[in-house]
Every structure is written in structure tokens, then in C-alpha cells.
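Visitor: Each chain, letter by letter, is given below.
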Amino acid sequence: MRRQTAVRDLGRLINAIGNRGPPVQSMSSMLDVDQISIAAKPSVLASRALVGSGAGGWLATMALLGVALSLLLWRWWANVRASAIVGPTRPAWRRVAAEEGTATVEFALVFPVLLVMILALIQTTLAFTGQLFVNYAAFVAARAAIVEVPQDLGREGPNVVLGGDSQKLENVRAAAAFALMPVSGPGDRRGPTADRPVGTAVDALYAAESLDTPRWSEGLADRRLAYALDHTDVQLMALGEGPADIGTDTNADAFRSGLAGRGGTDFGYEVSPNAADGARYAYGSREPIQVVVRHRFHLSVPFAGRLFSSGTHTVDGMTTPYRLVTSSFALTNEGVWRDLPDQPSVEREP
Amino acid sequence: MRPVRLLAHDPGRRGGVVLIAALLALVLLASSVFFVFNVGTHLHRRIEAQHAADAAAIAGAGWVARSLNLVAMNNVESARLLAQVQVYDGLPSAIRNSKRDVDAAIEGVDKQLARGLPGHPWLNDALEEVRLDLVRQQVILEEMETALTQGYDVREMTTYELPNGGRGSMWEAIAALEQISLTAMREMGVTAQIAAHGAGQRNLSNAGGRAFLVPFVPTVPWRHGEPEDFIRPVTEGLLPADQDDEQWARGPFDAVFGLWRPTIEGNQFITPDYEVVEDYTVDTFRDGPPPLAEGEVIAYEVQSIFDFFVQQLRRAEAEAFDTDFTADGAGSWFGERAADTALGNMQQLEEQLRGADGDPTEVLGPLIWNSDWEEVRDIEVERGLDLPNMYVRLVFEPEAVDLDGDPLDGTLTLESWSLYPVRPAGLLYLGGGRDDTREMDTIDDDVEEVLRDARVLRIQPPGARARLVTQYTYTVWCGALESSQRERRFPNNFESVDDLPAPIALDLERLPHDADAEARRTYLYFFAAADQPAQASIWSGLFESGDAEAPDADGNTPTGVRRPWRRVAATASAEVFNNHSWDLWTQMWHAQLTPVEDLSGWLETMRTTGVVTEDLARLAELPDSFSDDVGATFNYLNRVAPLLDALREPQEPRSPILSQSQP
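For the record, the sequence lines run as chains A and B. Count the first sequence with the numbering used here and you get residues 1 to 350, in order. Count the second sequence with the numbering used here and you get residues 1 to 663, in order.
In case anyone wonders, no lab produced these hints; they're calculated from the structure. Fair warning: there could be bad hints in the mix.
Distance ranges between label pairs, derived from CB positions [to be verified]:
#, chain 1, residue 1, chain 2, residue 2, range
1, A, Asp188, B, Asp645, 47 to 53 Å
2, A, Thr213, B, Ala517, 39 to 45 Å
3, B, Val18, A, Thr213, 43 to 49 Å
Covered stretches of chain B (chain A as the covering partner; in silico rule of three or more C-beta atoms under 8 Å from a C-beta of chain A) [to be verified]:
#, stretch
4, 45 to 57
5, 125 to 132
6, 166 to 178
7, 637 to 645
8, 650 to 657
Where a beta carbon is used, it is the ideal one built from N, C-alpha and C, also for glycine.
When you get a sec, could you build the whole thing from the sequences and use the hints?
Guide: This is how it looks when you write it as C-alpha cells:
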């Protein structure tokens, strides 16, 4: 657990470095940033799409690791002794024969352990990367939220977010998912005739540049998007405490006057999606919005993935471990009231 | 073959194997570290690119919004200055005259207090209080007069055409505001692009980063209005007629004048308690010096000291007898008629002083009162004026009751200050008549006689008349203007309005104020793009393939290139809006980021929107590579647009699937 915390903290540190300085009040639809970024570096980790087998636990791994270390120590001690003794104490041929046998046994025992260590190293690297991407996805989602929240979607008016079943929340979630495509899992395989809008567009992009079509566009790109959409959740938070109550959109007054509706210094007020039934919340213009992103990071490396696992789920017909990675980011809402006032009901001339 | 044995025979070679394995492990470990570092750097660059696009969009749109606010401020300030020209112009003489009023009133009260008011102690107290108030006013007026007369001449501020051919400084200020507005509107597009480019660029840490705004040179449809456009704002607090709209363009004045609250919840009617200066009319402005009616005062109204006096006495009376104070004096000894009479007489006097048939641009000044009867008479006779108008009388005719409420027998005469001509009531009300129009000449002897001892409070004995009323004659103004100095005091002395400054207006034909969505999208929505190189920072040979980002000049793809683009790009969009009134008089123009919509539309704009030569020259402040950079980014965005569309498929809301507990 400490190691997981360390991984997360390092990710946060890197994220913090990356986000040094006050964030520009941003936005663009999620659709812009991320998709462009994705296209810029399609599937950074596409080649890591290994699916770990379901066998073994981390205890077994640690046991193997212990055996390997013992062997290495014993071997080192034997070498020290051999070099320290002057003259053969045994016939040379017997010593050689013994060492040959030992080497064979060593090789047989150490190789899988070394393999596991290497795999663990790879999985560690990927876990770091996953944390970085989830942190990035939190930024992207917050960036999307501050421009999505002010939209007027009819059922959700300007700056209003429904406590559940919110289209704005879904748009923010999609933004986070797009950002996570490069570290997304492989998704469920589909038939060869299935639509692959992302892959088709990627093909066109590469063709326009006279480049060979990448293999991952054949199906993996779309499946990664599907995985990311399936395994990413977001929460919209506001300053304050507790879940959103029913009818809390009355701080629209505060919103119109440009003041944040609630006090507090912690983002403890959950606006969506786990608010009370029918709850709604109206963010103030320039009110801080925090977005929490949770993602089931696909642990792709065999055996070693178990080291980081916080659960298993079924992907593409196989039970695979995943790690729940969380990150959050806060930006200030745009959302200045932009409509003209209602026509006054009084005459102009007194 | 026993390769293992060969190795095992030589401890030194076994050490080599360990070394190689160690090196390989080191390489693997280093690769992992570098990989994570590179990913972190890459994501940092993505965030930078987004910040750059945001900064460019908000800087460009913000510049447009601020320009519009600047123009709105200048328009309003120009109208304010135009109104203030009239007020400032009248201020010195208004203050001077008010001060003389106050001086005279104090003198009169002092004399009255010296004589005392037997039988009416409350009136004595009231006069004491009035005197205190008068002294306070005197102090303030003295300071104002000092400020307005020492150091500079107000006329140099207010007069359009000065005698030396120059412009009054307030008129110069209005013209300067107009020039600032014109410059702001003409340069707005170019400066918006420069601001956007600079703001975006500063967010990109990689050399070769670029950021820009679309349209390249934003324009907001506008036109230079007419000088007459100032008339309605100045005189009515409304926008020029062609800009005015009760729904969409009500202007800022409703908030200023309190007609409507500026909040959207508001719309409550607030009783307007302001007064429009009626004498300043549209004609006053448009047609230059108007033919003034008798007694008409331009731009300001004289607040008579009488009015103040009467109000104070009414208040004192209400306190003394525990009755309700009413501003109009209903039921008071000092009733409405008294005040009206006072004001009427006051204005009549002013009129005399101006000269009813004089040039309205000429007024006499300064107003120096001479209360010496002999001198006054000589002056007035010389000017051919009617002597009876040399004085002003106040007649209060309240219920004739005493303090106990019983009918009061006698005439109360309260004389204030003047030597000439104090006219006791009894003199003018012989036979109970109300006619006081007798010429002074005919009563000269009476006046002469009465003057010597009339400055006392006299309650005539009961039974003097069949039906006695309490008659209160209060004389303050008495005397005539001694000075014959004349000056031109009309500030709007322009020949025609053609050369006057004019406000800037939105071109409502192209940008109609009925919230036309397409017009807004055309002129008030902005798009920004930013991108920068994103190659791996460490060991790029291992993590990247190929060195070029595009086919070479011959169209050949360099060997090993596997990616179509080696930069990270981001886009943003911003809108400009006014959430109070759709005009260039209301400083409520805002800019804020919005979701990027219609990317292909923006690409089409980039493709088709040219930059006119004139703007191009001014855009030369931007780097030489600007247009090439824009072209490269455009090409990339153009090619990636289908991918964005594919990813843009809207998703249906779904329930959360993950545990909400913090890991």
C-alpha cells in the first residue's frame, strides 16, 4: 500500500511540476484538446497490450524473489571462498563438475525470477505512466467542465448541473476518457465488420501524410476508446460539504452576481453524479469547479500486474487485474451570465 | 559442445557475464525512468499547449471586449462632459450669487435678532438655528468661490470658441476621447492578434511553439456617428434613436437614472427622484444660443435662499407646535404661497438684472448689490427700469391666530436687513388691498419716512382694522446691480454642429442588436490554436522514430517516420458579449472561453479569411514565420478534423461504475 501511495505521490509531483503556475482559465471543449493530443501521439503504449494471465499471487512472487536472492548470495559467497583458498582442496575436475551443475540449477531457478523482476519493472513503469495520464485526464476534465457547465442544454440550464443523469457530467467524462486513450486497456474485441470510426479517421490522417497505416488503427484504437469510456468515472465537486441537496440551484442568484454560492475551502460538496434524487446545483460564475477522475487502469503485464492490482474485471473475455487510479483538478468556472436582461415591465418615461 | 562449461572454467569470464547482465539491467532501469520522464514531459507540453490556446483566445477576445468597453466609456464620458459644460459654465455666477444671498440673509437675521421677537420665543430660536445653517453655507460657498475664481477661469474650460480662437478644455477633452475611440476601433483587430499571439507564445516552453487567433484580424462592425447622437444621451438619458431598443439596447442610463435596476431579477420600478434640467433642451444643443425667454436660466436652476428660509421656518414652527412638518407648507404660517411669491420675486429680479431684451449670450456680472437707495435710484433711472421691481417682497398670509389659537389681532412685520426700501406692511396694505404695484416714485416719501424706523418687529395694535390678518413682510432683496460689466457667457457658441465630436456606434445592420446568433458567431466568436514540438526530451532516438515531421520537399516520406505529426496542438474558443445592453454606451462587454464548436467552420474561416494589406503591414510586429506557422498548424488541424469528429460522438449519461471510496 505504501508503494502504491508512493507511485501516486510521485505522479502528483510530476503533475504539479507540469502544472506549475496558475492555470489559465481555460476551456475548449474536451473534444479539442484531447483528440488533438491523441492524434498527436496515438496510443503511446499500444505495444504494451499484453494481457496478464490469471495465475499466481504476489506472495508467490515474493517467495520466488527470496529464493533467487538466496541463490545469488550463496553463489557470491562461494566465489569469495574459491578465490580466497590457495591451491585446490579438491581435484579440479570434481570442482568444475560441481559448478556446472550448480550453474544449470541456478539458471533454471533464477531465470523465471529475473523474468518476473523485469516484468515488475515494466509494470511499475506503466503504472507511473498511468498515474501521469490520469492526472492529465483530471486537468482535461476540469478544463472541459469549466466550459461545459455554463452551457444551456435545456434540461440543464446555464451553470446548472443535475445531481444524476447529467449530460454535462457525461461530456466531462468523455473528455477524461479521451485523454486516457493512450493508457487505456485493449477493450473487447469486436467483429471485423464492426464500425471503427476512430481507426478510419486515423487511416485517413496517415494517408494524407503519405504514411503507412499503423496497425493499431485496425481495431485497437476504437477498442481503447471504448475501454476508456467504460472504465472511467468523474465527479463534479464544489466547495462545501456533503452531497448536493434537492433544489440547490437557488444559488443562481449568487451565480448571476458573480459570487460563489458556497463557502468552505474543501471540495467536499458532491454536485454529481452521487447527489440526491432530483438534486441540482448551479455553479457561480468564476466559482471553482473540481473534477475527480477515477480510472480502472489496465494492468497489462503478466504476473507483475498482480503487484498493483486493486481488483479484477473481465476484458475481452479474460479476467484481468486493474488498478483504480484517482486524480483531481480544479479550475474556475467561466459561466458569466451572457444573456441580456428581460425586458422591463415598466414604462421608460416616468 | 559445452559452452556453459567453457564459461564456467574461467571465473574472470563469469564476471564479464555478470557485468553484462548488470549493464543490461541498468539499461532497462534507465529506459524505464527515461520513459516515465518523457511521458511526463509530453503531458506537460500538452497542458502548455492548452494553456497557450486558452491564453490566446482569452487575450484576443478580451482585447476586443476591452476595446468596446473603452469606446463605451468614452461615449458616455463625452455625453457627461457635454452636460457638465453647461453646469460648470453657470457654476461661478451661481455660487457668487448664492453667496450674496446668504450674506444678505445673515445680515437680515442678525438685525432681527438684535431687535428681538417679543411674544414669539420659538421664532427667535428658529432664527438662531437658521443663522447657524446660513453660516455653514456661507463657509462652503466661500471655499467654492475661492476655488472657482482663483487660479483659472472656468470659461476657458467651458466655452467652445474662446475669444483667442482656441477651444475650451472640456471641448478639447471630448475631441480627444473621440480620437481615442476611433483609434481603438481601427487598431482593435491587429492588436488583438498581437496580444493573442504574445499571450499564447508565453505559455509554450519549447522553441518553435506558436499560437494565434482566428480571425487573424478581428473586426466588429462599427461606424462613426453624428454629433446629434449626443442629444438624447445628454437630454433624456437614452441612447441615440437609431441605437435605442427597449429590449436589447437600453443603454447604461437607466441604471444611472434609476429607471430600471441593472440586475436581471430587478426590473422593479424605482420612483425617479431626479430632475431633468428642463431649460437645457435639444434645441439648446443643436441650434446654438437659443432665444431665451425672460428669466430663463440655462442649464441650472437657481435655488433661492427664500426657499431655504421658508423651509427652515416651517420646520421650526412644526417643532414648536408639535405639528407635522410638510415641505409644501400646508397648514403652516409660512404656506405655499409664501414660497411661490418669494421665488417669483426672485426670478423677477434676476430678469431685471439681465435685461429682458438683452442679448442672451450676455449677462451682467458680477452681481454687485447696492442697497443705498439714492445710488440705486440713480442707476435704475439711468437704465430706464421700473423702480417697483427693485425690491422683492414676501407676503405670508397664514391663518391669523396667536400662539393660543385665538384670532390674532395685529400685523406681524418681520423686516430683515435692507436699508432700502424696507416697506412696512402698513404702507402697502392701506385699506387692506393686495396691490403692491404702486410705483416707488409715488410712495417715495412714505418710504423715506418709514425707512428710518421701520426695521423693527411691529405688531400693530388690535382693532386697527376690521378684519385683521397677520402679515409678514420679509424683504431681502433690495438694491440694484451697480456694475455695468458685461461678458459673453454662452458656452455652446459654435456656428454649427458639423465639426463637433461624435460618438462611435455599432453598425447594427451587420451586427443587429436582437441577439442574432449568426451575427454574433460571425463577429464576436473567436478561435485560437497553439502547438509546439513534442519530441521526447531524453533519448529521443530510442523513443521516437524518424527525424522529420512531414514529407520533404519532393514529397518523399523520410525513412522511419511513423507519425504524421511531431507536435502537440490544442484549440480554444472564446466569445465576446454584452450582458446588459447591445450598444457602445454600456461598459458590460465580457469575454469568456466557450467550447470549441464547428471546427471545420473555423478551418474554413482560416482558409478564406484574408488579411488586408493594410493590416498585414501592421501585423509585421509578429515574427516573420507567423504566416508559415499558421499554415502548418492549419494543415494539421485540417487533416485531424475527421478524427476529432469521430471522437466527438456524444455519449449518453450512464451511472458510475467505480467505487467512490478514496483508494
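Visitor: Now tell me if each hint is right for this structure.
Guide: Checked hints:
no., hint, in the structure
1, A:Asp188 with B:Asp645: 47 to 53 Å, "violated (24 Å)"
2, A:Thr213 with B:Ala517: 39 to 45 Å, "holds (40 Å)"
3, B:Val18 with A:Thr213: 43 to 49 Å, "holds (45 Å)"
4, 45 to 57, "holds (count 9)"
5, 125 to 132, "violated (count 0)"
6, 166 to 178, "violated (count 0)"
7, 637 to 645, "holds (count 7)"
8, 650 to 657, "holds (count 8)"
Hint violations for this structure: numbers 1, 5 and 6, all remaining hints satisfied.
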